[in-house]
Amino acid sequence: MSKKHNLGTGNEYLLIQGNNSFLLIGKAGTELCICIETSDNEYCQGLSPDDLIVVSAPEGGMVEPALMLLELVRTYRCPLLVLPKGHPGSKRLRYVISAGDRIRLSCLIERGTHPEQDVLCANGEFVGLVLTAVDGGVVMEGPDEDYPVSIIRYSFPPFPPYT
Amino acid sequence: MCSVGGPMDVEFTERIKGKDYRCRDCGERFKGIGKKPICPSCQSDNVEEA
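Quick note, the sequences are listed as chains A and B, same order. Take the position in the first sequence, starting the count at 1, then add 4; the result is the number in the numbering used here. Take the second sequence: its position 46, counted from the start at 1, is 41 in the numbering used here, and no numbers get skipped.
Derived from the structure by calculation, the hints contain no laboratory data. Some clues are possibly wrong.
[What the hints assert, rightly or not] 20 Å max Cα-Cα, derived EDC-like pairs, lysine to aspartate or glutamate:
1. B:Lys14 <-> A:Glu120
2. B:Lys31 <-> A:Asp54
3. B:Lys14 <-> A:Glu41
4. B:Lys26 <-> A:Asp122
5. B:Lys26 <-> A:Glu46
6. A:Lys95 <-> A:Glu129
7. B:Lys26 <-> A:Asp44
8. B:Lys12 <-> A:Glu120
9. B:Lys30 <-> A:Glu41
10. B:Lys26 <-> A:Glu35
11. B:Lys12 <-> A:Glu41
12. B:Lys26 <-> A:Glu41
13. B:Lys26 <-> A:Glu120
14. B:Lys14 <-> A:Asp44
As the structure is a prediction and not an experimental result, all values here were calculated from the model.
Take the sequences, apply the hints, and build the full model.
Right under this line is the structure:
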């Protein structure tokens, strides 16, 4: 089973609300490169405009920090920092992010320690959910696609992006 | 629940693998992943495998 939701490439975000957590999805919107920094290497991932940038809040919380994190990566090109396995800081991460054309949610990974961009830590209520970028939207596939979903339209103040 | 703070973690058989690229516009060398390599320095897609 799958369900498609429309999502524009502008200042639109798709919010998938669970009982205890949420996911916030934005489109890359343009061709861009995000850098993934591990303890011993740097990987650079090219994104197409329709690709997804997904923030997961496994413990729930406010949506605004998720918006900010998404924009830090999408607009300000902040690199993604990957912690080594077993790092004590993993448990401090309340918002985690992945980007790509297909992202599956898992609760069996240690938060913030996986450089793979096709998997993202989430609360157990989203386990098995797969998000796939399609033209003009996102397709949700999984055991339950009937999560409350809403579109958020928000524009940050027009500070110039870093060059 | 998520495994934060706990010992559980899945090791993927396919770890992240990058290819070495060189930007034809600015000369930057980088390890790229994904379907569309883009230079991290100048954002150009005019790149070649190095």
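How the hints compare with the structure:
{"no.": "1", "hint": "B:Lys14 <-> A:Glu120", "verdict": "holds, 15 Å"}
{"no.": "2", "hint": "B:Lys31 <-> A:Asp54", "verdict": "holds, 12 Å"}
{"no.": "3", "hint": "B:Lys14 <-> A:Glu41", "verdict": "holds, 15 Å"}
{"no.": "4", "hint": "B:Lys26 <-> A:Asp122", "verdict": "holds, 17 Å"}
{"no.": "5", "hint": "B:Lys26 <-> A:Glu46", "verdict": "holds, 7 Å"}
{"no.": "6", "hint": "A:Lys95 <-> A:Glu129", "verdict": "holds, 19 Å"}
{"no.": "7", "hint": "B:Lys26 <-> A:Asp44", "verdict": "holds, 12 Å"}
{"no.": "8", "hint": "B:Lys12 <-> A:Glu120", "verdict": "holds, 9 Å"}
{"no.": "9", "hint": "B:Lys30 <-> A:Glu41", "verdict": "holds, 19 Å"}
{"no.": "10", "hint": "B:Lys26 <-> A:Glu35", "verdict": "holds, 17 Å"}
{"no.": "11", "hint": "B:Lys12 <-> A:Glu41", "verdict": "holds, 13 Å"}
{"no.": "12", "hint": "B:Lys26 <-> A:Glu41", "verdict": "holds, 11 Å"}
{"no.": "13", "hint": "B:Lys26 <-> A:Glu120", "verdict": "holds, 14 Å"}
{"no.": "14", "hint": "B:Lys14 <-> A:Asp44", "verdict": "holds, 16 Å"}
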